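J.: Chain U is fixed; fit chain V onto it per the hints.
There are 2 protein chains.
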Amino acid sequence: MDLRPLLAPNDSKIVVILLDGLGGFADADGGTELERATTPNLDALAAEGSCGRAEVVGAGITPGSGPGHLALFGYDPTEFALGRGALSAAGLDVELRAGDVAARGNLCTLSSDGTIKDRRAGRIASAKARPLVERLQAEVALDGVEVVLAHEKEHRVLVMLRGEGLDPRVGDTDPQATGVPPHPFTPHDPAAQRTADLLTEFDRQAREILRDADANAVLMRGFDTLEPMPSFAERYGLNATSIAIYPMYRGISRILGMDVERQAADPAEQMEILRECWDAHDYFFIHHKATDAAGEDGDREAKIAAIEEIDAIIPAIRELGPDVVMVTGDHATPPQMRAHSWHPVPVLVWGGNTGRDRVTRFGEEPCSDGMLGLRRMSEMMPLLLAAAGRLNKYGA
Amino acid sequence: MDLRPLLAPNDSKIVVILLDGLGGFADADGGTELERATTPNLDALAAEGSCGRAEVVGAGITPGSGPGHLALFGYDPTEFALGRGALSAAGLDVELRAGDVAARGNLCTLSSDGTIKDRRAGRIASAKARPLVERLQAEVALDGVEVVLAHEKEHRVLVMLRGEGLDPRVGDTDPQATGVPPHPFTPHDPAAQRTADLLTEFDRQAREILRDADANAVLMRGFDTLEPMPSFAERYGLNATSIAIYPMYRGISRILGMDVERQAADPAEQMEILRECWDAHDYFFIHHKATDAAGEDGDREAKIAAIEEIDAIIPAIRELGPDVVMVTGDHATPPQMRAHSWHPVPVLVWGGNTGRDRVTRFGEEPCSDGMLGLRRMSEMMPLLLAAAGRLNKYGA
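In order, the protein sequences belong to chains U and V. Its first residue numbered 1, the first sequence is counted upward by one per residue in the numbering used here. Its first residue numbered 1, the second sequence is counted upward by one per residue in the numbering used here.
In isolation and in its complexed conformation, chain U is listed as follows:
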């Protein structure tokens, strides 16, 4: 449902605390990590507010980070998508803009006859790869477009072109095989001819610049651009900002047009930043990564500790006087699976006209008793706006 005709801006402030990978499941050993954690402050929010559970994409569907965050921000992830290029750029804190073309690159080793000897240049060490990328960035020059290179790790590098009239419909040059030459840059649409020509010239210069290095060329795949997406401000009338520890989540926020605060080192610094940006914004996205990382490691104790770390900053957030607070995950990461999963994530909404239910403890099973029910994650955004008094009546 298009909320724009209903938007009623006011002075309310909404805080969304996202514990990445928060959800989990109980097994013969007992409750989930959230249920085992000692969380007096989250429990107080639950007792004073309402709880429920959210499915992020759909029944049985395990979300990646892109769909997980889109749903959190109210963008139905079956309707909107962040391409791999956009996410790669986000993860490197590189801003991909609509019209830019990005690809994932591999530093590789070509034999003297131009065939591929090693697709990853012997998994070249980051310390050796980074100067090569810097040299390319300094020396490559293309006519009328800007080239942005961002070294990721080992042989991986993001290659981005920025300028007018670019088109991502270009075939991969990485043949995913050795002993053969790289594929040429093939336009899959006549509109992509110029982009293919520019990339061909990039490739020529790169081989020249790297001719004596261990890695002497760049294979590319997954050309992508940023599909234009309605901004968060446009959809909800909110002046949002993002306070995250990892570049990926700053990047996703940036794509939706949110402000992005400086990168924080830990939740304590996130609190500091929240205080600094409090007056200038009305929606605050606080992203906590450690819960997901612990889940991926299969470390239940670490996940419990990561949850408790967020519990500890809740009083400081409440002191700022937010009108509405939501705490949830972008997908489950059960330590039993060491991976993202499809399980519904617990949701807690506090403040405004949310109302309170019987749930007094924040956890998957208590949340299944909550008044918010089991619903799609993208429905939470209108519920937050409503709780904050920011949505007018629909129909007379």
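To be clear, the hints were calculated from the coordinates, so they are not data collected in a lab. Only a predicted model underlies this, so the values are computations on that prediction, with no experimental measurement involved. The reader is advised that the hints may include incorrect statements.
Simulated crosslink set (DSSO-like; lysine-lysine; CA at most 30 angstroms straight-line) [to be verified]:
{"id": "1", "chain 1": "U", "residue 1": "Lys-153", "chain 2": "V", "residue 2": "Lys-393"}
{"id": "2", "chain 1": "V", "residue 1": "Lys-393", "chain 2": "U", "residue 2": "Lys-289"}
{"id": "3", "chain 1": "U", "residue 1": "Lys-153", "chain 2": "U", "residue 2": "Lys-128"}
{"id": "4", "chain 1": "V", "residue 1": "Lys-128", "chain 2": "V", "residue 2": "Lys-289"}
{"id": "5", "chain 1": "U", "residue 1": "Lys-117", "chain 2": "U", "residue 2": "Lys-153"}
{"id": "6", "chain 1": "V", "residue 1": "Lys-289", "chain 2": "V", "residue 2": "Lys-13"}
T.: Positioned in the frame of chain U, the structure of chain V alone reads:
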């Protein structure tokens, strides 16, 4: 959501136990039949797994057998449909193929002036009707198409044409009245002209063959074909087989391209068959009819006994080592109503990465506390695939 891009085949085995008409409702007399039944083995699955409830088509909508099974198999019954012809053929264990045209026929009695004297030939006894149908099958011959007749019961007979270029858009010949002649076979589309002509010739021969019998013609209605439907294997990457006591459910499985095992006499024989086909398949559909029949008879005690009969085979199923087991119904059949109903059916999922919830007893009310929540039945299929590790992540 199209699951095909996410499918990740593995060696897991999924068992679905369908108690036809399982759901019911409590009234002043106390709990539902499932709640009153003694089901230690189903309760153990519930305790170790997760429970919930499913609405088969939508709120307040009472499903027929077609929509009930389509939903169970993950085909949204508001998007896919099994026509009456397809279901009639399935119920007679006749294979209707895409392109075949089937109709429901009535053996009838025409007066000497060609008007209808009795639309059901005096509800002719099956013993008298069957030889007439056999005679028609033996003697009718049409140019270029095969005729398949299947006697159902009393005056009812399935008429099916098989061949190239057939089209079901032909009007009913049964005028649903006596004292008037049958309608001619009218094509409702020029493409159905040949089909109408073939049926007219069938009718001419049938009247000739039956001229001295009590039933001397066949009225037809509900011309239908099998709409091509994506197969179960194509949608889910599963090699499924169907173990049923009634032809209808074998037929529905066959339409979806599942293998169909020999017809079983009772749950004990179904177990025998399950053991035989275990190694060659990875999805097993076990259909139990007695629950529905008891509900239709308004016999609560019989429905309780039918549920307990399935409970008794659970240990043998567990011994085979399935990865994921689901137990549910295709619709409710409350004995109080002696009919199918719209009430949500209880669902139990055990195994894989399902997780366990607090529900320790399989029943409608306990299931309403379960972590699977209240959802559409067609969502259970992706949940089973996910629990079995057969779905990759959606989005990066």
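J.: With reference to the structure, classify each hint as holding or not holding.
T.: Hints, verified against the model:
1. Of the pairs offered as hints, the one joining U/Lys-153 and V/Lys-393 holds, with about 23 angstroms between alpha carbons and a cut-off of 30 angstroms not exceeded.
2. Of the pairs offered as hints, the one joining V/Lys-393 and U/Lys-289 holds, with about 19 angstroms between alpha carbons and a cut-off of 30 angstroms not exceeded.
3. Restraint check: the Cα-Cα separation between U/Lys-153 and U/Lys-128 comes to about 10 angstroms, which is no more than 30 angstroms; the hinted pair holds.
4. Proximity of V/Lys-128 to V/Lys-289 is assessed by CA-CA distance (about 29 angstroms); at most 30 angstroms being required, the pair is judged to hold.
5. Using a Cα cut-off of 30 angstroms, the hinted pair U/Lys-117 and U/Lys-153 holds, with the two alpha carbons roughly 20 angstroms apart.
6. For the given pair, V/Lys-289 sits about 23 angstroms from V/Lys-13 by alpha-carbon distance, which is consistent with the 30 angstroms threshold.
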